[in-house]
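Trainee: Listed below, chain by chain, are the residues.
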Amino acid sequence: MKENAETEVVLSAQSLHKSYKDMDALTDFSFEMRAGEIVGLLGPNGAGKTTAMRILATIFPPDRGEFSVMGIPHTRAEEIRAVIGALPESMGFPLYMTGEEYLTYMGRLYALSSRNAATKARDLLAVFGLSDAGDARIATYSRGMRQRLGIARTFINDPKLLLLDEPTLGFDPRGQREMLQVVRDAAVVNHAAVLISSHQLEVIEEICSRVLIMNKGLLIAAGSVSDVKQKFPVAPACRIEVSLETTQKALDILARMNDVKIERNSNRVNEFLISLSGRDATNSVNAILQNLTQAGVSIESFMMERATLSDVFLSMIEEAQA
Amino acid sequence: MKTNQNQPGWMVVLSTEVRHIWSGRQGPLLLLIFSLFLSGYITLLALDPEMNVLSPRKMTNVALQTTILVGVLVALLLTANSVSGERDQRSLESLMLTPLPRGQIAIGKFLATLSLWLGMIPIAVPYIFLMAKSAGIVPQAITLLILIGSLLVMLCAGIGTLISSLAPSNLSSFAASFATILLLAAPTQLPASVKDLPAVNWFIALNPITALAEYQAGILDGAPWSQEPGLLISPIILLILIAALGPSFLNRRLSLLGGLET
Chain A
1 MKENAETEVV
11 LSAQSLHKSY
21 KDMDALTDFS
31 FEMRAGEIVG
41 LLGPNGAGKT
51 TAMRILATIF
61 PPDRGEFSVM
71 GIPHTRAEEI
81 RAVIGALPES
91 MGFPLYMTGE
101 EYLTYMGRLY
111 ALSSRNAATK
121 ARDLLAVFGL
131 SDAGDARIAT
141 YSRGMRQRLG
151 IARTFINDPK
161 LLLLDEPTLG
171 FDPRGQREML
181 QVVRDAAVVN
191 HAAVLISSHQ
201 LEVIEEICSR
211 VLIMNKGLLI
221 AAGSVSDVKQ
231 KFPVAPACRI
241 EVSLETTQKA
251 LDILARMNDV
261 KIERNSNRVN
271 EFLISLSGRD
281 ATNSVNAILQ
291 NLTQAGVSIE
301 SFMMERATLS
311 DVFLSMIEEA
321 QA
Chain B
1 MKTNQNQPGW
11 MVVLSTEVRH
21 IWSGRQGPLL
31 LLIFSLFLSG
41 YITLLALDPE
51 MNVLSPRKMT
61 NVALQTTILV
71 GVLVALLLTA
81 NSVSGERDQR
91 SLESLMLTPL
101 PRGQIAIGKF
111 LATLSLWLGM
121 IPIAVPYIFL
131 MAKSAGIVPQ
141 AITLLILIGS
151 LLVMLCAGIG
161 TLISSLAPSN
171 LSSFAASFAT
181 ILLLAAPTQL
191 PASVKDLPAV
201 NWFIALNPIT
211 ALAEYQAGIL
221 DGAPWSQEPG
231 LLISPIILLI
241 LIAALGPSFL
251 NRRLSLLGGL
261 ET
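First to last, the sequence lines map onto chains A and B. So that you can map any letter, position 90 of the first sequence is 90 in my numbering, and since no number is skipped, the others follow by simple counting. So that you can map any letter, position 211 of the second sequence is 211 in my numbering, and since no number is skipped, the others follow by simple counting.
Among the chain A residues that face chain B by a calculated CB cut under 10 angstroms, a handful are:
| hint | residue |
| --- | --- |
| 1 | GLU79 |
| 2 | ARG81 |
| 3 | PHE93 |
| 4 | PRO94 |
| 5 | ALA111 |
| 6 | SER113 |
| 7 | ILE156 |
These are computed hints drawn from the structure, not numbers from a lab. Idealized CB from N, CA, C, for every residue including glycine.
Only chain A is shown next, with the shape it has when bound in the complex:
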């Protein structure tokens, strides 16, 4: 039963298209999400992430294409909105309300009775660490508190699909971690599908089972984080620290080598990040170490650098823009 719930298709989008005047904001956008899945939506500014999120949240209708949530077609927007929770980017609030009043109001707009809406509001304030501020006006909330309140709002109807546009904005590292845990719980415990758009790629890498990468309205890559890394390999890199006395000698040797690109750490003059653009990274590393030791350079530390999602993302966007 649980397995069925987890493999259930929650969101299915086919060939979504949206343009503003003469500009295509979203082109041929298709993908599926299943219950319990957390998917990251990545892309530079203007890639079409927010447009995609707003179409899926039924804020805008698509110009072409279709999508369904829990089998409900996008033409029945009100029914879709009843089963999703969405956090818009830079969302505003009625500042005259208290946090509890706001969540209760939202609950009542989701057809909860006054009493149930108030109970749900208090529960969510507790989950998101806002119990103490529940009676305070939203005008007095910090940016992080407002972001918590906005995310709490998305849970008011126990959604089956969560659409979170930049949910970690305004959080300190601890708050970010707590928020990610709540999102994980929503996916695992409630079998909800979660689509997260974020510029903080480490967040996406940590929490998402799959990523969608967009550029200029197009979906340019999709798959698990490791799949995407394999499909779009970036040049391997290594980090070397040498003794201060032999720094210049090491730089001279590395500068003479082919397929090697050096980045220096501005705080530590004797540490270099070396990108290896040759076909065989192992041979290149061996050659670097051999040349340096033969020349009498004292190597204090050496480490291979693992390509992060951020590296892959940047290289993919550069490639797409080229």
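Fit chain B to the known structure of chain A by using the hints.
Mentor: For chain B alone, coordinates are given in the frame of chain A:
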């Protein structure tokens, strides 16, 4: 979790907005301003020697017209801010994300605005009573205040809500709402000789504000209530059109950014 399917969403918006208007400073402050304005205006009207050349019936009409116009402008101040204000504050999106049909957001806000007019009526009654007493037309004047005033406030608040729902910003909503109402109200100041021209006569009958003003002036001048019922047609038709078509129009057209594009 129990749901409250019997209470329509617009009622939830209405009760929240009414609470906001009356528990905050907005409603009481606007009523105070209205009350101060009326006391100053009626005193000046009663003492102004130029006004003394007018008959008590005409003076009552001037006082009633101004009272209703101020009520309309105050209601418009709220409706012009109703949806576009949320748009400017970026809080409209969270309302649009609820399962509520979008027209119901506007209906709730529109009806909440009318609560302010309900608060203005008891403030205006003593002043209109004082003006109408000497002319012996107190029942007519009070009835007109309630009927014509309510009709006009509903009409103008309806227009204001439609404009606010479509305006891309609060500023454009205020500008368009006030310009529309002032343009419609301006012909009430036309001299009698111009009003008698056939084309102007038609225009007066078609324009809901001038039609109601003419109807009101006739009653206060001693005409029976059944006089020129044609003058009531355009305001009532427009109100029915707004009430019947406005919500479904806004269900489709109330958008995040405003304008007619979705």
